[in-house]
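K.L.:
Here are the chains, one letter per residue:
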Amino acid sequence: MPQRFRHMLGIEPLSAEQIAFLLDQSKSFQDIQRHPLKKLATLRGKTVALAFFEPSTRTRISFATAAARLGADTMNLQAEVSSLRKGESLLDTVRTLDAMKPDCIVMRHSASGAPEFVAGRLEISMINAGDGTHEHPTQALLDALTIRDRKSALMGLNVTILGDILHSRVARSNLHLLGKFGCRFTLCGPAMWLPRELECLGYPVRRVARAEEALEGADVIIVLRVQQERLHEPALPLEEYILLYQLTPKRLGLARPDALVLHPGPMIRGLEIDPAVADGPQSCVLEQVTNGLAVRMALLFLLIGAASADSEDAADAAH
Amino acid sequence: MRVVEKSQLMSATEVDRTLQRLAHEIVEKSGGTTNLALIGIRRRGVPLARRIAQAMRGIDGVEVPVGTLDITLYRDDLSKVAAQPVLQSSDIAFPVDDKDLILIDDVLYTGRTIRAAMNGLFDLGRPRSIRLCVLIDRGHRELPIEAAFVGRNVQTSDTEIIEVRLNEVDREERVMLVERVS
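Residue numbers (the working numbering), protein chains in the order written: chain A, 1 to 319; chain B, 320 to 501.
Bound-form chain B, shown alone (with noise of 0.2 Å):
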């Protein structure tokens, strides 16, 4: 299989203007940072929910509580996805009971991945409510699954493929839109 780029989606600077935005957005809706968690899919998603929390700072001076979420053992499709599975860890040093979540991701596609990550938060308790926010949703749900907040809505036909390159992961920052070629 090759891909090609198609095109860029975002920079460097237009992925720190939405995560700046989206942040905003949440300490909107959520009349503050009071009950607020942050809880990053790996892998993606952990670098951008620490990233949301550092604006959320300097939003509201308040330090909002961030977790690391693999959902690995979660997988409806494990045996479908690689030869040998490898668990990363995960890390939520605080109690979710009661807590507002915000499920932060880069991509929203299927919607199989937020189900997954779902059922992992629910096996260390009963959050008061979870929200999700993603950098981009390409449409192509295949689950009852949105986002309360999303960077860039991006139509998508099934050959293409979204790819977020972050610094802390990739070692360069940019959105592209690629396509796969047999």
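The following block holds chain A by itself, in its conformation from the complex (with noise of 0.2 Å):
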């Protein structure tokens, strides 16, 4: 069943139905990237406008890339370079970016909310590439896509989540995506970065401090990356991680023995996973990043290859 979507701003206000429909588009998508060919012209003079105001180096390559190939222009904003350092406000600089005509904002901002906050004051689609603590809907998307390939269903998978939980929009979204289709969690990691108020959405979630006692079982095991300045805040001796809770094989052999490993990268070799099972039979890291290109040109073909809504329904009366 076809549905419509106007804008991607979180996992969390959509019906597994509408998810399921966004993996199953995506999978379409997945056999262009095999192609010899890659480049479409399916949205031929359309524009996307990446509005990236924090910095982003594979999601928006990611998303560049997925436009590219499917015949987009992408015009892009670097918040670096940008005037937001010249004290102009985030809906003044998007208002700039929409009035050169773009038909669709990606936008990554620190602030939780911000895409949403713009959607709302702006006629364009606009599609959440990342917000503060919020979501990351195309990560949880491509991590969905991922283990769907490899596990064959969603249902009822044990996943544990290991690292920075409390300051991850990749948990988020993917509890609020893996959680629509009946996962269980256990989330995993330093006493103050595994927020009470997550028990509380719903879903079956777990907390555990202990990784050998969270990897027990587990279907899928997503490793998050250390955000190293955020070590200071209280401060955690980053060996001490290491020791505690870096995803080594000993570990690993805790988990089914068929258990997945994703990480929405970059990925720190050492420091939260170890070396030989990031480059395991069980690590899914690159396939999710080709994933993340069929994710993101379902999305843009979804958002801006459609037609006003007013058309008729005239595709079976073709001939």
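Note that these hints are calculated values from the structure, not bench results. Please note that a few of the clues may not be correct.
Claimed, not checked - Derived EDC-like pairs (lysine to aspartate or glutamate); straight-line CA-CA distance at most 16 Å:
no., chain 1, residue 1, chain 2, residue 2
1, A, K46, A, E12
2, B, K325, B, E482
3, A, K27, A, D149
4, A, K250, A, D279
5, B, K325, B, E479
6, A, K39, B, E482
7, A, K38, B, D442
8, A, K250, A, E216
9, A, K46, B, D442
10, A, K27, B, D410
11, A, K250, A, E213
12, A, K250, A, E212
What the hints assert, rightly or not - Label-pair ranges, simulated between beta-carbon atoms:
no., chain 1, residue 1, chain 2, residue 2, range
13, A, R256, B, E382, 39 to 49 Å
14, A, E12, B, V381, 48 to 58 Å
15, A, S110, B, T478, 40 to 50 Å
16, B, G350, A, P275, 23 to 33 Å
To be verified - Not close to chain A: a few residues of chain B, all C-beta gaps over 10 Å, as computed:
no., residue
17, S326
18, E344
19, T391
20, R394
21, D442
22, G444
23, P446
24, A466
25, V500
Just so it is clear, CB atoms sit at the ideal spot from N, CA and C, and this is done for glycine as well.
Grab the two chains, each in its own frame, and use the hints to assemble them into the complex.
P.N.:
The structure is reproduced here in structure tokens:
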């Protein structure tokens, strides 16, 4: 059943049916990454504005490549060199972009809710590419696509999320997405990074301090990046984190033998993950990157490939 | 918009007989099935391609590869078609390079679907040749495209629509001429 999307602001408001539709559409775009010629003309003449108010390499390149493969042009706003530095407000900056008439804005911002705030004030379609500690919907979709490819279904999996959950929008989006498919969660990390509020989202969530206990019986392990800039609050020596929480082959051995290891990147080898696990057969890290293209192509296609809402459905009257 | 049925163009038996004849024609004109592959255009070209391949097995005893192609990404009228485009998967499990491809669809009308399908095929490789096979050619071309194998030519007016119903998709089998009444 086709679904209509105007924005992609977060996973939380979506239904399982809408998510399944997005994943099915993404599946169709996976094939294109294997074509000898990857460039389509589907969105020729359309423009995607990339407004990244927070540094990002992989997500920005992924969106830019997804747009390019569909034939769309991109305009790029780089926060470091933009007029934000000169004191312009967020809304004025985005309004300026909007006045150049793109068909869609992809936005990352360090403030939770910023994309939604802007989407409510402009007519244009908005894709949230990560906002503060709120959501990172395309990351959760590409994770789900990767898991579904290897496990064939999402229903009822045991998912362990390891690391700095407090500051992670990836963790939140994944909880909402996988939670809607009946997954059970174990959150694990230093106590100061395990917010109690995530137990109140309505999904089966338990918080565990010991990595060994958290990994037992896991079907999927999502390893989060340790944001070193956050380690000072309160102080936790890096060595201690490595000792207690690094995903090592020994710890991975406690999970199910077919458990998958996911990491949203950028991955710091030797810190949150042992190189032997990062490069091992259970690691999906590079599949995640490739699937990110498929998910973002599907979203751009659905958001701006569509006609105006009032056009008649004349699809099958073509002949 | 209302549509009324004007006449039946083909019964189930006639569809079957026509596909048998098309299979024979393709094999005859190609001097066998050696380098052939069939590509069915979604949606109704897909069951037609499968049935023609089955008929060819009866003629030559050879399994001709069948692929399916979704042309959604290659349309030139995407924004006119539907409020929300939906991409179906294409499934062409063999290399198209140097193959003699037969593109199969139910109705040939403006030629735009076929133009889109050819663009799609060229993204996958460089076939040696592409020929077109359709169940019904209803005229009104907007592009210089012709079918090499035609089930039936039908004279139509602009307001008429050809409706092909196939068991696999529609749970009934016949071809009708219907007219749009406003």
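K.L.:
What hint numbers does the structure not satisfy?
P.N.:
1, 6, 9, 15, 16, 19, 20, 21 and 22
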